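Colleague: Each chain, written out:
Number of protein chains: 2
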Amino acid sequence: MNAEAAVSAGLTSGWLAIAGLGPGDEALVTPEVAAALAGASDVIGYIPYVARIAPRDGLVLHPSDNRAELDRAVHALNLAAQGRRVVVVSSGDPGVFAMAAAVFEALEASPAHWRDLDIRVLPGITAMLAASARAGAPLGHDFCAINLSDNLKPWPLIEKRLRLAAEADFAMAFYNPRSQARPEGFARVLELLRECCGDDRPILFARAVSTPDEQLRIVALGDALPEMADMRTMVIVGSSRTRIIERPSGRKLGPILYTPRSVPEPVADPVS
Amino acid sequence: MNAEAAVSAGLTSGWLAIAGLGPGDEALVTPEVAAALAGASDVIGYIPYVARIAPRDGLVLHPSDNRAELDRAVHALNLAAQGRRVVVVSSGDPGVFAMAAAVFEALEASPAHWRDLDIRVLPGITAMLAASARAGAPLGHDFCAINLSDNLKPWPLIEKRLRLAAEADFAMAFYNPRSQARPEGFARVLELLRECCGDDRPILFARAVSTPDEQLRIVALGDALPEMADMRTMVIVGSSRTRIIERPSGRKLGPILYTPRSVPEPVADPVS
Numbered sequence: 001m002n003a004e005a006a007v008s009a010g011l012t013s014g015w016l017a018i019a020g021l022g023p024g025d026e027a028l029v030t031p032e033v034a035a036a037l038a039g040a041s042d043v044i045g046y047i048p049y050v051a052r053i054a055p056r057d058g059l060v061l062h063p064s065d066n067r068a069e070l071d072r073a074v075h076a077l078n079l080a081a082q083g084r085r086v087v088v089v090s091s092g093d094p095g096v097f098a099m100a101a102a103v104f105e106a107l108e109a110s111p112a113h114w115r116d117l118d119i120r121v122l123p124g125i126t127a128m129l130a131a132s133a134r135a136g137a138p139l140g141h142d143f144c145a146i147n148l149s150d151n152l153k154p155w156p157l158i159e160k161r162l163r164l165a166a167e168a169d170f171a172m173a174f175y176n177p178r179s180q181a182r183p184e185g186f187a188r189v190l191e192l193l194r195e196c197c198g199d200d201r202p203i204l205f206a207r208a209v210s211t212p213d214e215q216l217r218i219v220a221l222g223d224a225l226p227e228m229a230d231m232r233t234m235v236i237v238g239s240s241r242t243r244i245i246e247r248p249s250g251r252k253l254g255p256i257l258y259t260p261r262s263v264p265e266p267v268a269d270p271v272s
Numbered sequence: 001m002n003a004e005a006a007v008s009a010g011l012t013s014g015w016l017a018i019a020g021l022g023p024g025d026e027a028l029v030t031p032e033v034a035a036a037l038a039g040a041s042d043v044i045g046y047i048p049y050v051a052r053i054a055p056r057d058g059l060v061l062h063p064s065d066n067r068a069e070l071d072r073a074v075h076a077l078n079l080a081a082q083g084r085r086v087v088v089v090s091s092g093d094p095g096v097f098a099m100a101a102a103v104f105e106a107l108e109a110s111p112a113h114w115r116d117l118d119i120r121v122l123p124g125i126t127a128m129l130a131a132s133a134r135a136g137a138p139l140g141h142d143f144c145a146i147n148l149s150d151n152l153k154p155w156p157l158i159e160k161r162l163r164l165a166a167e168a169d170f171a172m173a174f175y176n177p178r179s180q181a182r183p184e185g186f187a188r189v190l191e192l193l194r195e196c197c198g199d200d201r202p203i204l205f206a207r208a209v210s211t212p213d214e215q216l217r218i219v220a221l222g223d224a225l226p227e228m229a230d231m232r233t234m235v236i237v238g239s240s241r242t243r244i245i246e247r248p249s250g251r252k253l254g255p256i257l258y259t260p261r262s263v264p265e266p267v268a269d270p271v272s
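Chains A and B are the protein sequences, given in the same order. With UniProt numbering as the guide, the letters of the first sequence map in order to residues 1 to 272. With UniProt numbering as the guide, the letters of the second sequence map in order to residues 1 to 272.
Where hints are given, some of them may not hold.
A pair holds if it fits inside one copy or across any two, identical chains being indistinguishable in the list.
Claimed, not checked - List of simulated lysine to any residue pairs, SDA-like, C-alpha gap at most 20 Å:
#1 252 - 112
#2 252 - 108
#3 160 - 240
#4 252 - 156
#5 153 - 266
#6 153 - 260
#7 160 - 74
#8 153 - 264
#9 153 - 184
#10 160 - 149
#11 153 - 199
#12 153 - 263
#13 153 - 47
#14 252 - 118
#15 160 - 196
#16 160 - 190
#17 153 - 169
#18 160 - 265
#19 160 - 191
#20 252 - 218
#21 153 - 66
#22 160 - 241
#23 153 - 68
#24 153 - 243
Hints in this document: simulated from the structure, not taken from any laboratory. Here the structure is a predicted model, which means the values were calculated and not measured.
Just need the whole structure built from these sequences, with the hints factored in.
Modeller: Next up, the structure:
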């Protein structure tokens, strides 16, 4: 039996897990992901994520550069088809602006028998949930998640989504808010948000959550500056109902940002 | 020193962790949450979530009924203020339509010195990420999360958000799609979605993901029935770009549902 027939018959021992490592702290890696890594022969991913995996005998690490997602995906599928036990690592959750979609894009363009491979996505703690938890519960009511990078979509679509999300009164979580290559984009986002949501709306800048570099800042939109975000920053804008609980004691506890679970019924018109 | 002064000075040994247990499988509970549970004196939560916690000496379990969220939150804060080590458990992530916002609502209405308590939110794998991972990567591009229960908000606001989310071309993840008390609501949601997104749009019904009762079904919106969802079902509707990869072999592998990472630039008008 050749390799193609073996894959189609489910007889290959190879598998591919696309796993989320969470935001950085090892205590946020699920046991499911830890078990997949323990059973892997190959780990593939962006350099800083592969750097989080401890080397051991029998494990081949394949770090690769950013923006090489499709090449990396084909490489991973190819190794699994050869019988290797492959983990593709993403930070956060692999299904949220990360490697899972890239692997499936590659799978669609690949030899048909690869579709019979054992491919699993192992969820992780995505950045917005880690940031939200640290700040309180800003995503405690309806919300949306938008990737602000225009590498992969037209800029006007980003602006359209921001306006509609504001009209829907979603809290908004922004991934990839600001890159060195296009710092002006995030400045335009902040302008648009001030226009749609007003200057008083709270905005959270949560940098490198759960790592030693963690830094949280909650400001009003009117005081938000583009420089408050970099590519390690998760940005969350509240809905119209998002609130801040100040903690006034001398214990240096940060304020709590949260969105109540409920929206009250509109007051009935007393005339009708 | 009385209890109030002790809390304000940070001298109480009590703490409150609001922890996410993930969708059901113990392999999806983070080590951070496991450690908090191991150090707890009291665990508080909705009956089926507290039932997941193994009893041990020195641990008091406080299961309570659904819809008692605010009472439960006050109880938890009160125990922490008395020096207890309290974990409030939610399924999934506590910050997504769960107990974290309820605790902060209760905190705002409580004695001011409770604001000095050690309160942490410990993130978990929320249902939409678990469901998405099982099906492929339907949330691989911009998306929104909407709680379809109208217990806590006016029904017209739900419809407004659905229309705006469809116009924004978000993938949509729906929590609490259907209850016995209001089965007609989800039927109206499906009608509205067919009107906004067309009959061909894929919709995922992911029931009890990661438990022995897990069941996944992907259908076209035109074939979706209200009965396909219950309160244990996570529903995800794709964006206009969400795709299905069929796996035609005899191995009974389910189809893969995913949303590509990119949206192409519009084709330039050849006249201009």
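Colleague: Against each hint, give a clear statement of whether it holds in the structure.
Modeller: Comparing the hints with the structure gives:
1. 252 - 112: between (58 Å within a copy, 15 Å between copies)
2. 252 - 108: between (52 Å within a copy, 18 Å between copies)
3. 160 - 240: Both. Shortest intra-copy (19 Å) and inter-copy (15 Å) distances satisfy the 20 Å Cα cut-off.
4. 252 - 156: Neither: 41 Å inside a chain and 42 Å across chains, both beyond 20 Å.
5. 153 - 266: between (38 Å within a copy, 10 Å between copies)
6. 153 - 260: between (33 Å within a copy, 11 Å between copies)
7. 160 - 74: Classified as neither; 33 Å inside a copy, 41 Å across copies.
8. 153 - 264: Answer is between: at 6 Å across copies they meet the 20 Å cutoff, but 36 Å inside does not.
9. 153 - 184: within (16 Å within a copy, 37 Å between copies)
10. 160 - 149: within (14 Å within a copy, 27 Å between copies)
11. 153 - 199: neither (28 Å within a copy, 25 Å between copies)
12. 153 - 263: Between copies, since 5 Å is at most 20 Å while 33 Å is not.
13. 153 - 47: Result: close neither inside a copy nor across copies, 24 Å intra and 45 Å inter.
14. 252 - 118: Between copies only: 12 Å across chains, 50 Å inside a chain, cut-off 20 Å.
15. 160 - 196: Close inside one copy (12 Å) and across copies (17 Å); limit 20 Å.
16. 160 - 190: Result: close within a single copy only, 14 Å intra versus 24 Å inter.
17. 153 - 169: Only across copies: residue 153 and residue 169 sit 13 Å apart there, 23 Å inside one copy, limit 20 Å.
18. 160 - 265: between (28 Å within a copy, 14 Å between copies)
19. 160 - 191: within (14 Å within a copy, 25 Å between copies)
20. 252 - 218: within (14 Å within a copy, 49 Å between copies)
21. 153 - 66: within (17 Å within a copy, 42 Å between copies)
22. 160 - 241: between (22 Å within a copy, 17 Å between copies)
23. 153 - 68: within (17 Å within a copy, 44 Å between copies)
24. 153 - 243: between (32 Å within a copy, 17 Å between copies)
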